[in-house]
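K.L.:
If you read the first sequence in the numbering used here, its first letter stands for residue 11, the second for the next number, and so on.
These are calculated hints, taken from the structure and not from any lab test.
Hints may contain errors.
No farther apart than 20 Å at their CA atoms in a straight line, the calculated lysine to any residue pairs in the SDA-like style are these [as the list claims (entries may be wrong)]:
1. Lys73 <-> Glu104
2. Lys73 <-> Leu105
3. Lys73 <-> Trp86
4. Lys73 <-> Gly61
5. Lys31 <-> Arg114
Label-pair distances were calculated between CB atoms; the ranges are [as the list claims (entries may be wrong)]:
6. Gly96 <-> Arg46: 28 to 36 Å
7. Asn66 <-> Ala110: 18 to 26 Å
8. Tyr33 <-> Pro80: 29 to 37 Å
9. Arg101 <-> Asp44: 31 to 39 Å
All C-beta atoms in this analysis are idealised placements derived from N, C-alpha and C, irrespective of residue type, glycine included.
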Amino acid sequence: MRAYDSLRRRGDFARVTRRGKRYAGSYLTCFVADGRRQTRVGITVGGAVGGAVVRNRLRRRIKAILDRYPLGAPPWRDIVFIARPGAGELRFDELAAEVARAFRAAP
RNA sequence: GGAGGACGCCGGGCCGUCGCGGCGCGCAAGCGUCGAGGAACGUCCGGGCUCCAUCGGGCAAGGUGCAGGAUAACGUCCUGUCGGGGCAACUCGAAGGAAAGUGCCACAGAAACAUACCGCCGGGGGCUUCGACAAGCUCAGCCUGACAAAGGCUCAGCCUGACGAGAUCACGGUAAGGGUGAAAUCGUGCGGUAAGAGCGCACGGCGUUCCGCGGAGACACGGGCGCGGGUAAACCCCACCUGGAGCAAGACCGCUCGCCCUUCGACAAGCCCAGGAUGACUGGGUUCGUCGAACCGCCGGCCCGGCGGAACGAGCAAUGUCGCACCGAGGUCGGUCGUGAGGCCGGCCCCAGAGAGAUGACGGCCACGGCUUCUUCGGAAGCUUGGACAGAAUCCGGCGUACAGGCGUCCUCCGCGC
RNA sequence: AAGGACGUAGCGGAGCUUGGUCACCGCGCUCCCCUCGGGCGGGAGAGAUCGCAGGUUCGAAUCCUGUCGUCCUUG
11 MRAYDSLRRR
21 GDFARVTRRG
31 KRYAGSYLTC
41 FVADGRRQTR
51 VGITVGGAVG
61 GAVVRNRLRR
71 RIKAILDRYP
81 LGAPPWRDIV
91 FIARPGAGEL
101 RFDELAAEVA
111 RAFRAAP
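All chains, please: the whole structure from these sequences, using the hints.
P.N.:
Shown next, in the form of structure tokens:
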């Protein structure tokens, strides 16, 4: 089990992106809202980012990066990442830096 | 050595650490095991499977279109035929029918489908001109005669006749020539003819539902017969094929709601009520059955025809179990039959999978590529942020498309050497 | 999974049914006139692989096949 659960329903995504705090990078946008009982994460990669292979790999890499953060303990949050075009061409460490920038802005 | 053709294949490998999904074991921690592709893609065809319809006929709609074969099936594949391309290996082709009918063929051209503008030819009609001829009349000249009559000769004019030529008119014949066009009635030559024409002949081309021969057949060869365009990826004709939907199919379970079970007549039976006498019988009512009619519904393109009058229909879903992760038109190896696509037999293997959906990060070594340096030209060392197209969601068979780099086999042509 | 529409000049559209001058319209663009200058107005002009590749035809934007892209519908 990962330290966080997945955000699945459309309504949850809408709530986080509308009510949560927004931290925008050049390739990733991150929304953070208060959660309960567990931290949940959703990752949105639109069709404009690339083909299925690119979108899948990008999502997996973000999940691998999140494994480095202590999300299995409070405070519980609901987090949504939205990838923008060009994110699929980043190397892994560049992507990790993008995530780190977003999390520095949202402690 | 160079140029080219066909077919098949790979899509980096091994090891380790952390992380993810399924399954199995375990009380648990955890352990074991498996875990994307040749195209998983596009969704262009064909099937398996599931539900609905299913008795037949007709029409419509769609598709396919050389032959034989392969296959569960196909619009796929194989072998061949014909036609186009290539010196060749080989390759490409929606490759039935245009004397069943309809439509269209711009511009140009006489004319684009059944015709004839110019031209050529024939026999005619009238016309007038010309030519030579004949007859007649008139005038003139000359000769004989006598300055007469008469006769003869020459020239001119008029008229008539028949002939030839010319132009013209309509009729008929013709399709060689003209010149346009993508395309003009099969091409060239000779004969032939009034002029011409496949009208005849020779060679060639095309068609053929005729005959012979070869072949399983497409078709080929020989003969006979015929020779008025094109377009069917225009309508169409012919032959063959196709029931409809789709795994969000569908099955089971849960909850809620809606709606329906018709009318008339005849016959037979039962029951009830009234009259009659408690019986026979008569009248009424009702239930079930059969038949007929009406109405309604179904038959999922329509009609004929058929079936039925009972069950169904709709909604609620973060949807439970199954379908569903597979013993399968399965993979692989070998044998065998076949030119081949493939068939058959045997051994081995079990090989992703669901809850919106599991593969990512890092390190080491090797192979390949690139760059730099060295070199005894064999190679060696170092560096490397180089490695395509692309991700299963019901499953198969094809087709089509994308793809860094690389490998193998066979064949053709050209050049050189032996 | 099933089905449908579209692609034509810088932009928005017509032409496709029934093939025939390499294609029309509006806005925009260039030049000229008008004005002191600009706009408006008037005149002239340029600009097109008809998404791409094949095929049918004498001839294709139009017909056929394949392919690429965009958008939409149903559950």
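K.L.:
Each hint needs a verdict: does it hold in this structure or not?
P.N.:
Hints and how they fare:
{"no.": "1", "hint": "Lys73 <-> Glu104", "in the structure": "15 Å, holds"}
{"no.": "2", "hint": "Lys73 <-> Leu105", "in the structure": "11 Å, holds"}
{"no.": "3", "hint": "Lys73 <-> Trp86", "in the structure": "17 Å, holds"}
{"no.": "4", "hint": "Lys73 <-> Gly61", "in the structure": "19 Å, holds"}
{"no.": "5", "hint": "Lys31 <-> Arg114", "in the structure": "13 Å, holds"}
{"no.": "6", "hint": "Gly96 <-> Arg46: 28 to 36 Å", "in the structure": "34 Å, holds"}
{"no.": "7", "hint": "Asn66 <-> Ala110: 18 to 26 Å", "in the structure": "23 Å, holds"}
{"no.": "8", "hint": "Tyr33 <-> Pro80: 29 to 37 Å", "in the structure": "19 Å, violated"}
{"no.": "9", "hint": "Arg101 <-> Asp44: 31 to 39 Å", "in the structure": "33 Å, holds"}
The structure is inconsistent with hint 8 alone, although it conforms to all the rest.
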